[in-house]
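Enquirer: Starting from the given sequences, assemble the full structure and let the hints guide the process.
So the protein sequences, as listed, match chains A and B. The first sequence begins at 447 in this note's numbering and counts up by one. The second sequence begins at 76 in this note's numbering and counts up by one.
Treat the hints with care, since some could be wrong.
[Stated by the list, open to error] Computed cross-link-like contacts, EDC-like style, restricted to lysine to aspartate or glutamate with a CA-CA straight-line distance of at most 16 Å:
1) 737/A x 716/A
2) 490/A x 471/A
3) 737/A x 765/A
4) 485/A x 469/A
5) 604/A x 584/A
6) 88/B x 564/A
7) 603/A x 590/A
8) 699/A x 640/A
9) 603/A x 640/A
10) 604/A x 93/B
11) 88/B x 572/A
12) 88/B x 469/A
13) 604/A x 640/A
14) 603/A x 183/B
Since the hints were made in silico from the structure, they are not lab data. Keep in mind that this is a model prediction, so the values were computed, not measured.
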Amino acid sequence: MTLPTSASAIHVSRLSKTYFVPEREAGLKAALKSLVRRKTRAVKAVDHISFDIAPGAVVGFLGPNGAGKTTTLKMLSGLLYSTDGEARVLGHIPSRRERDFLRQITLVMGNRNQLQWDLPALDSFDLIRAIYRLPAADFTRARDEYVALLEVGPLVKKPVRNLSLGERMKMEIIGALLHQPKVLFLDEPTIGLDVTMQRRIRSFVAEYNRRYGATVLLTSHYMADVEALCKRVIVIHHGRILYDGDLSGLVEKFSAYKTIGVTLEDGTADLASYGAVVGNEAGKVSLRVPKTETAAITARLLADLPIADLTVEDPPIEDVIERVFAQGASEEQAA
Amino acid sequence: MSALLDYYWTNAKLSVIEQFQYPVANYFYMIGMIAEPVIYLVVWSTVARAQGGEVGGYTPGAFAAYYIVWTLVRNMNIVFTPYGWEWRIRTGQLSVSLLRPLHPLHSDISFFAGWKFVVIVLWLPLAAFLSLVFKPALNPTVLEIGVFFLAIWGAYLIRTMLLWLLGMLSFWTTRVSALFELYFALELLLSGRLVPLSLMPPWVQTLAGYLPFKWAFQFPIESLVGQLSPVELMAGLGMQVFWIAAGALVLQGVWRFAIRHYTAVGG
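Expert: Below, the structure written as structure tokens:
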């Protein structure tokens, strides 16, 4: 998806990152040999990727572990220098780490801690106020607004070390957004959290995007996050983009199957001749059928059997994503 | 400038609050640290007495003064070490700092500066106790006290610059703490930490004069307990300013280059 560079909040063109990783065989002999001659291997973490994201868009950045998602986010937030290509965020070149750029972005990582461990989060928030030179009134308003939205009022005075993982994550998100960034890079923000906490953070991100028109690039292994927040997804695998487009288009493009849910009036019948039976719960049988034959099979079922209820659904997004990764891997092996 | 001062004040204040979360642990840590100077003090006092009351111009009372003031200077000298650098890269804390629109050096200076205030408060009763036991010969003038107060902060800044430069090697190697051990040996010998430099061979004293270590350790001690003239006191402060400025300049140059090598392995 390409936009004019000036219209993009995030512009990425043939961006690459290669790491040089030390490598040696196991054993003492190899260890001694590596003292004299150290071998390194070039690993292309990100391989000439290009995309543009419009201001205010929420985009899912998907891929298996090691696909290059976090490396890309680190390059876009100015933590890493790219090996090749170009990146611009809000018109800035991230690696220059200009103050004006850093004031307008945030990177939230699910496993990172920016709060003072032994102090209440309120103290850390005050430090963030000083770092970003926030006017007292703006700071207080933003802080109180986020505290109310995430319902953490009683927790902000407790030392961070006494908070649960989910509570800490909420505080981290508040701390990361106090300066009201225009671009949010969210790297697994709901990792390790229970379903309720995931939902709360999801709705907070959606609300922040709605209120402030912020651009969000989100990575998550929880498809519920992606489905709830992102219309568009970019799928990356082995550093290359496999898909960039609407989430619904992803299902359309990569899913060769649909699922037909059938509930019979008398509750008994062998449906294996209509498609692959992939589930049978509370009288509802799930059939996986080729997408191109869905209409015909549905018509046959309705004509042949006493149907109480029938649904046609796309497969779960997790299955589709898995299929995309598998296809990407097989294409690379064939190349 | 006022925004930067506000940041320094806020971070130093948080550091003080954090240190007071664990006052007993801090105190025990400090008490543990006095073992080293007390050993030096006992050894050199014994040598002085064996040699007729003094060695190299130092009487047992002068040694007591030197090593009691040493305890404060040593604590003022504690800064973020290469071990800390390894930790903050491994845990992703450096990435947190780099995402902020403020050089991470400001964070270290202000945080440890807050800690120093706690150190000074905790040091006072400890110094009183050591003075009762070892009877230091200490009669500073008002000028010496004033210079000492400035010199301990100068020492803190010099050592911050030096260990930051060393710590930045973490961008190229993951085990910079090994180099720190080498640095530590040099510093021990050439700073006046192990023994007053006037007891060292003349060539060591000359060499030490050209290096920064002495200005971060012996000079602050001597400014209070020594017999430095007002000119020497002012020249000493001047040398501290020189080393701080030189350190900051080199640090800024290396930083721009080093940051390109950051791989953010820890997050």
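Enquirer: Mind checking the alpha carbons of residue 603/A and residue 183/B for me, to see if they're no more than 16 Å apart?
Expert: violated, 25 Å
Enquirer: Under the criterion that the straight-line Cα-Cα distance not exceed 16 Å, is the pair residue 603/A, residue 590/A satisfied?
Expert: holds, 13 Å
Enquirer: Given the hinted pair residue 604/A and residue 93/B, is their Cα-Cα distance within 16 Å?
Expert: holds, 14 Å
Enquirer: Decide if the proposed pair is consistent with the structure: residue 490/A and residue 471/A, CA atoms, cutoff 16 Å inclusive.
Expert: violated, 21 Å
Enquirer: Between the alpha carbons of residue 604/A and residue 584/A, is the straight-line distance 16 Å or under?
Expert: violated, 23 Å
Enquirer: So if I understand the rule, the pair passes when the alpha-carbon distance is 16 Å or less; does residue 699/A with residue 640/A pass?
Expert: violated, 31 Å
Enquirer: Are residue 485/A and residue 469/A close enough, with their CA atoms no more than 16 Å apart?
Expert: Given that 16 Å is the threshold and the Cα spacing comes to 6 Å, the pair holds.
Enquirer: Mind checking the alpha carbons of residue 88/B and residue 564/A for me, to see if they're no more than 16 Å apart?
Expert: Since the Cα atoms of residue 88/B and residue 564/A sit roughly 14 Å apart, the hinted pair holds (cutoff 16 Å).
Enquirer: Does the alpha-carbon distance linking residue 603/A and residue 640/A stay inside the 16 Å limit?
Expert: Since the Cα atoms of residue 603/A and residue 640/A sit roughly 23 Å apart, the hinted pair is violated (cutoff 16 Å).
Enquirer: Can the restraint linking residue 737/A and residue 716/A be considered satisfied, given a maximum Cα separation of 16 Å?
Expert: Distance of about 21 Å is beyond 16 Å: violated.
Enquirer: Verify the proposed pairing of residue 88/B with residue 469/A, using a straight-line Cα cut of 16 Å.
Expert: Roughly 46 Å separates the two Cα atoms, so the pair is violated.
Enquirer: For a C-alpha distance cap of 16 Å, please report whether residue 88/B and residue 572/A respect it.
Expert: holds, 11 Å
Consistency note: the structure conflicts with the earlier hints numbered 1, 2, 5, 8, 9, 12, 13, 14.
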